[in-house]
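Enquirer: Take a look at the letters that make up each chain.
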Amino acid sequence: MLIQLAWNSLLNRKLTTLLTLGSIACSVGLLLAVEQVRTGARDAFSNTISGTDLIVGARSGGINLLLYTVFRIGNATNNVSYQAYQHFANHKAVAWTIPYSLGDSHKGYRVVGTTDAFYQHYRYYGDRQVTFTQGQQPQGIFEVALGSDVAKALGYELGRKITLSHGMREAVGDAAGHDDKPFTVTGILAKTGTPIDRSLYITLYGMEALHIDWQDGAPPMLGEEIPVDDIRAETLQIKSVTSFLLRTHRRVDSLRLQREVNDYRGEPLMAILPGVTLAELWSVVGYAEDALRVVSVIVVIVGFLGMLVAVYTTLEERRREMAILRAVGLGQGKISSLLIMESGLLTIAGSLLGIALLYAVSITAQPIVEQHFGIYIPIRPLGQTEFTYLGVLWLAGLLIGAIPAWKAYRNSLSDGLSIRI
Amino acid sequence: MSTAVSTEAQTPSAGSPAIAVRDLRFRYPGGADVLHIPEFHLQRGQHAFLYGPSGSGKTTLLGLVAGVLEVQQGSLHVLGADLGALNAARRDAFRASNLGYIFQMFNLIAYLSVEENIMLPCQVSPERRRRLNGADLREEARRLARHLGLGDYLHRNVLQLSVGQQQRVAAARAMIGAPSLLIADEPTSALDYDHRGRFLDLLFERCDATGATLLFVSHDQTLMGRFQTQVALSDINRAAPQPTQPPSAPNGQAG
Ligand SMILES: Nc1ncnc2c1ncn2[C@@H]1O[C@H](COP(=O)(O)OP(=O)(O)OP(=O)(O)O)[C@@H](O)[C@H]1O
Ligand SMILES: [Mg+2]
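Those protein sequences? They're chains A and B, same order as listed.
First residue of the first sequence: 1, per my numbering; consecutive thereafter.
First residue of the second sequence: 422, per my numbering; consecutive thereafter.
Because the hints were derived from the structure by calculation, they are not lab data.
Model, not experiment: these values are computed from the prediction.
Note that beta-carbon positions come from the ideal geometry of N, C-alpha and C, so glycine has one too.
Mixed in with the good hints, there may be bad ones.
Said to hold, decoys possible - Just a few of them, taken from the derived set where beta-carbon distance is under 7 angstroms, the chain B residues facing chain A:
#: 1; residue: Gly-484
#: 2; residue: Val-489
#: 3; residue: Gln-493
#: 4; residue: Tyr-532
#: 5; residue: Val-545
#: 6; residue: Phe-625
Excised from the complex, chain B in its bound form (with noise of 0.2 angstroms):
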């Protein structure tokens, strides 16, 4: 990616919120509309939890908001940027040197060492790379994995962590670099309650360091207490509830 297409989709004007959505639409191929949202706005450096039933749409809604899934109608802006203005090569640009992005589980390639994971987003984006402010790629990776308690994991495989191990580690990738926007899809799942809650004690410490945005997706409405803000998906969504699952589904349980 050249530099000349992510400089102009990454400077993200100050004052403008994080994420604001008006009349955003989406549907996937040959289905009905997904995701109706008339009106949303988060705030910069807030600490969002975003909660909804299984199928409802949230992992859409965060696919959208990395720029993956293309905007079909209505606007988005991101960090200010319109992402619905722009192709798929620049919101690839925009996503990597704006956003960190963890999954719910399996969030490491198999094939990079920890260290090589958590340096990925540096290499592929020359912006991110410059927000280490001269300091060594592999010098903040070792850092960032020692922060998380992973010092003595980095030249592991990554298939023989843990599974809390791993999720720290795709923090840690996530975050290096300094990306304005933190996304995170049920990340902690798959973990018991006690990594539940250093887990989210590290992503809020992190965030704040950096003064980066939230959005923190998961069905454990018992987390929901330590964040700012709180968005129900069915609150903001008016797209008619696509029963994917029985609405029976208990809280906590990993879909």
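With the rest of the complex left out, here is chain A (with noise of 0.2 angstroms):
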């Protein structure tokens, strides 16, 4: 019956309630959509790599290398020669490797020089594999794939003629490029929400061939570039690769061959687990995650504190209602409960609104933000955290509405049946 009473008080001051609620649920769906952002690039963090048991590359920290090798950020600043890449990918414990060359750009984008064994081994999400939506991957030296944002981005399909150039500038036509070696686009990949979407696939030998003719890091002068139709497969020698993904055949071997890798005497090398750099790295990010965390808090102290304002400032007007329930016998304690229970159904309605709030931005701006920004926002159901949130929530609601009933109390105590208008 109380119930009865608190909801149709709240039906009765519409306006009010519908502000209160209205506050409630933004706050409450800001605090959830942080959280499945949260998570959710959390998990698209931590499941851009799976199966692979070690990352190589050449001596520098281990951030670093996992953010060239698999995010495609930054610089390695020294290769692993074929060498050495050779004698890890051979060694007896390794099941595969899958080699990187990097350094090349298109319009912004990574050129990636790899070879089969990245289309057949990587693995991202568990157990999801590189696929093609057109095509197939590139075998010629002078062929190239397409990550699925970078076809989409530049409108480009198959048979297209594109250039590459040096380094991360802009391909201009300028002196640094490698205008006098076009590539075909010869597949493009299906989308996989991880970097691998956003960088372009070619062969070792084609990334080989691409500095054929270049001294020392410098293009060659005018008349000395060796035309394209004179490079061969078997006349290019790969000289080195920038890291390297590595499979153990049994995963307890890991260590150990993390142990060899540094210990290499040929030159300086180091191998990570790409978990626990992973892990690393995201403690990182956690504090941004942290300051994120805290604001949405915040905004949700701010509408528990609306709710308070709300019941509270209804008080005063109310002392006549109050008066009459004591006289029909309800008790002191019923009245702080009918109070209490106004603010719980405020929480309680304000944070299932939040809720649908949350799925509602969610499903219409999804499809937004993946267009104009590339980030693909999985939609999820509610995990345990944000279970856990929602009691702590009611919990909060129905403490705050304790002051308001407190109050209440006080006033029926020192009212008694004498009504103020």
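Two independent chains are provided; combine them into the complex using the hints.
Expert: Put into structure tokens, the structure is as follows:
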């Protein structure tokens, strides 16, 4: 019966109730949205790579190695000689390796030189594999496959000829380009939701061919370029790779192999365990995550303060109502519970509305965000963290409701049955 | 409120007076005595008219009788129950099942319909609901409303009623489930002369029908003649009068 009263009383103050509900819904929605984006980002982040036991590169920082190999951010300071790569690729404990040769770009997108192993062995989100929506993997020296974002953003189709540029500069036909060696698009990769989508893929030979006539990192002089037709895979010699992914036959060998890489005598190398370094990297990102969370918690507190104000300020005009309820036989405890219930109903209805809001916004915003920012935010059901939040919120709502309830208790104690208008 | 609590509190012995006061004293926190009543009795079934100047403590006395205020000194028996011996929860249960209360004005809960307002006491008190003798609560509320000339207004928002209609709704709410004691604190002061008379007729008729005792407070001494018992608070109250308003306040004017 009290619930009924509380409900009716809220309905009676439609505008205040709606405004309060709105502010709670928005703040709860924001809190949940932050949580969604956070777990979504973390998930996408840690699922960028799977099935790889070690990442090997020239000795530098582990996070740097992870960044340029997996996320295609930053650059390697040194390369791994092809000989050292071969040494580990043929190691008896190693099942497969995926070599990457980085350093060139096309219109701001990175070009990755790799081998068939990439299309065969690379895994993300558990057991997902790289596949093609159109065409096939590059086989010839001057063939290129496009990540889905690249294909979409640049509007390229199969058969298109493109030129690659050295480093990360835009291809504007300057001297430091590879304008003399155009590549043909032979394949377009399916969307993965990882940095794979934002790169172009050529063969290791292709990468070597690009630089065949370069001297000491400088483009060939005019007239000294080696014509495309003269380049043959058999004549190309791969000198180095930037880094490589490695999978052992037995995962227990990973640590031993890691030590072996780190102690390799030929040149200074390092191997990292992707999971460990991902976690390390995430803990750096975690500060931003915490800041985001703090802000959303503050927004929630403000939302609840709004509710407190909304309920509290009506108490004065409701003294009469309280006296009537007292006269009818409600005890002071029940009067207090009535007010707590009002706050409770507001909290629960508000947070349910917030959840609805969250999903309504996510569903409408998802394609827009993906189209404009290239970020795919997965829509997920509420997880345990979210339910914990909601539980805490409901408790907080009741606790906050206790403040006007206490005030009403005091009022009815001093008012008795004398009604003030 | 549990039934166990209410049954004990509200089995008033039939022979006992409706109200029995002995040496009752009451003061608000930080104030002087508002009431000091050495002796006062009201027999059951009486229509009693209580009057006195504004600020003399009439409403305070009603609050004590209704069990909303706590007896501080002396004894107060209502329908045989010793209110001084009951804790707040039991007094609430006692009030819910045995008392009907009508305020001066604005008696109604704004967010409930006329019908819901009338049904309220029976929803609070299972005891009072039981006294409907199996009749449907909503039916009973409608019957009372029709009886008080409110048949067409059952689903109205109470704020759309005239003051006179509101007071009749309040009366219906006070009387549903046959409480033994009806308390009305200046219920007619907002009504015009005609409506006052009609309202009193209704109260008397209903009280006689159920045998309820009526304790009616008013400034309006023109009504006094219609009651069987008249009590001037100043006659029974020994506490020094509190001069809150000029004593020249004319009769019949709502305070
Ligand atoms: N809640 C309260 N707290 C403190 N003092 C109060 C309270 N209610 C009433 N009083 C004081 O107690 C005295 C008696 O008040 P009460 O309301 O009982 O008078 P009354 O006879 O009903 O007056 P009126 O005819 O104007 O309604 C007054 O002096 C009043 O100021
Ligand atoms: Mg009064």
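Enquirer: Could you work out which earlier hints the structure fails to respect and list their numbers in ascending sequence?
Expert: 3, 6
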